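Asks: Residue numbers (our numbering), protein chains in the order written: chain A, 168 to 426; chain B, 8 to 117.
No lab work stands behind these hints: they were computed from the structure.
Be a bit skeptical, because a hint or two may be false.
[To be verified] To list a few chain B residues with every Cβ distance to chain A over 10 angstroms, as calculated:
#1 Leu55
#2 Val98
#3 Arg102
[Said to hold, decoys possible] Computed footprint of chain A on chain B; a stretch qualifies when at least three of its residues, placed anywhere within it, have a C-beta under 8 angstroms from a C-beta of chain A:
#4 22-36
#5 64-74
#6 78-90
Remember, it's a predicted structure, so these values are computed and weren't measured experimentally.
Here a beta-carbon is modelled for each residue, glycine too, at the ideal position from N, C-alpha and C.
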Amino acid sequence: MSSTPDPPETTGPPGNREPSGRERLSASLRRPTSRTQVIAALLLFVLGFASVVQVRANDADDNFTGARQADLIALINSLALATDRAEDEVGDLQRTRDSLRGDAATSQTALSVARGQAETLGILAGTVPVVGPGVRVTVETRSGELGTDQLLNGIEELRDAGAEAIEINDRIRVVATTGITESPGGGLTIDGQRVRAPYIIDAIGDPHTLATALDFDGGFVPEVEQVGGTVAIKQSGSIEVSSTVDPPEPLFALPDSEE
Amino acid sequence: MIAALGLLAGVIAGLFLQPDVPFWLEPYLPIAVVAALDAVFGALRAYLDGIFDDKVFVVSFISNVLIAGLIVYLGDQLGVGGQLSTGVIVVLGIRIFSNVAAIRRHVFHA
Numbered sequence: 168m169s170s171t172p173d174p175p176e177t178t179g180p181p182g183n184r185e186p187s188g189r190e191r192l193s194a195s196l197r198r199p200t201s202r203t204q205v206i207a208a209l210l211l212f213v214l215g216f217a218s219v220v221q222v223r224a225n226d227a228d229d230n231f232t233g234a235r236q237a238d239l240i241a242l243i244n245s246l247a248l249a250t251d252r253a254e255d256e257v258g259d260l261q262r263t264r265d266s267l268r269g270d271a272a273t274s275q276t277a278l279s280v281a282r283g284q285a286e287t288l289g290i291l292a293g294t295v296p297v298v299g300p301g302v303r304v305t306v307e308t309r310s311g312e313l314g315t316d317q318l319l320n321g322i323e324e325l326r327d328a329g330a331e332a333i334e335i336n337d338r339i340r341v342v343a344t345t346g347i348t349e350s351p352g353g354g355l356t357i358d359g360q361r362v363r364a365p366y367i368i369d370a371i372g373d374p375h376t377l378a379t380a381l382d383f384d385g386g387f388v389p390e391v392e393q394v395g396g397t398v399a400i401k402q403s404g405s406i407e408v409s410s411t412v413d414p415p416e417p418l419f420a421l422p423d424s425e426e
Numbered sequence: 008m009i010a011a012l013g014l015l016a017g018v019i020a021g022l023f024l025q026p027d028v029p030f031w032l033e034p035y036l037p038i039a040v041v042a043a044l045d046a047v048f049g050a051l052r053a054y055l056d057g058i059f060d061d062k063v064f065v066v067s068f069i070s071n072v073l074i075a076g077l078i079v080y081l082g083d084q085l086g087v088g089g090q091l092s093t094g095v096i097v098v099l100g101i102r103i104f105s106n107v108a109a110i111r112r113h114v115f116h117a
């Protein structure tokens with residue numbers, strides 16, 4: 168203020184001594200520092216800062232500023248409805264997912280049960296190769312001495328003792344439909360295959376029980392010895408029964424559909 | 008000169024700092040800016056008239072901002088905040104127009 172040129176303070180009719188507004192402006196632009204200018208600069212700084220901040224805040228604001236209360240309420244209501252619908256849908260989908268998951272678990276269980284059954288039946292029917300503890304019975308005899316009686320008896324004894332899979336001479340699986348006949352020229356025919364001595368019977372089951380089942384008074388071993396053969400029973404922790412049979416397709420029997 | 012630089016510095020600072028407007032200040036800041044604008048134009052006119060006084064400028068600047076804010080606050084309390092801020096904007100706008108007209112007469116002699 169002190170440095171401003173101080174013409175007469177009154178604003179009368181434009182006198183010839185008083186500088187015009189334009190002159191004042193250019194003078195102030197030419198003369199950089201004065202207290203007045205510093206103060207004006209400070210306030211203008213505040214103004215510029217606040218304006219920019221406000222403009223930015225306004226840009227950042229969404230377009231609901233001018234909306235009326237009723238519109239906003241309607242908007243909120245529609246949003247709430249949409250949320251409800253979405254939540255309902257989520258619930259439905261979750262239920263569907265749970266039920267599908269339950270179905271999957273059920274069918275999984277059914278599948279594993281069926282698989283286990285198929286395994287058991289496969290072992291019993293002789294359609295799958297198996298390994299396990301058991302006995303290897305070697306019957307040394309001259310051909311023609313050992314008849315079907317003795318062999319069938321031996322197989323029956325083994326079955327009674329819990330043999331789960333029986334194989335003869337490493338190539339013939341003994342199953343429920345196995346037939347044994349005496350061949351005309353000596354030896355035996357088992358399931359259509361000719362077998363000659365020595366006969367090797369592999370049986371899977373509890374080795375001790377199987378061995379005992381064959382070797383008792385009037386059992387398999389004495390019977391064979393009676394006809395002049397010898398029997399060697401070897402208990403083993405791992406007997407391999409690798410031959411299988413193809414079960415014939417039943418022609419007449421049908422499963423009773425009641426079950 | 009420095010005054011113009013101050014304005015420029017303020018704009019640049021606002022652009023670069025990008026401060027968030029505090030929530031309580033949100034309704035008042037636009038009105039305060041318009042009120043400050045009115046004070047600045049009034050000061051410029053006074054300067055061109057040769058009757059500029061920095062003390063008056065400071066006081067009018069601050070009081071303009073405060074009164075504008077106060078009016079809006081009062082309007083908010085009474086439930087007519089929106090209308091009252093519109094009214095304040097209108098009044099300040101009229102004043103800015105008349106000030107700018109005077110400045111124009113000084114600068115362009117027209």
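Asks: It remains to establish, for every hint, whether it holds in the given structure.
Replies: Structure-based check of all given hints:
Listed as a non-interface residue, leucine 55/B fails to keep its Cβ farther than 10 angstroms from every Cβ of chain A; the least gap is roughly 3 angstroms. No beta-carbon of chain A is positioned within 10 angstroms of the beta-carbon of valine 98/B; the least distance is around 18 angstroms. Non-interface status of arginine 102/B relative to chain A is upheld: no Cβ of that chain comes within 10 angstroms, the nearest being about 15 angstroms off. For a cut-off of 8 angstroms, the count of residues in the stretch 22-36 of chain B with a CB near a CB of chain A stands at 7, and the three-residue condition holds.
Figure legend: the stretch 64-74 of chain B, annotated as covered by chain A; annotation consistent (3 residues with Cβ-Cβ distances under 8 angstroms, at least 3 required). Beta-carbon proximity to chain A at under 8 angstroms applies to 0 residues in the stretch 78-90 of chain B; the threshold of 3 is not reached and the given coverage is violated.
Of the numbered hints stated above, those contradicted by the structure are hints 1, 6, listed in ascending order.
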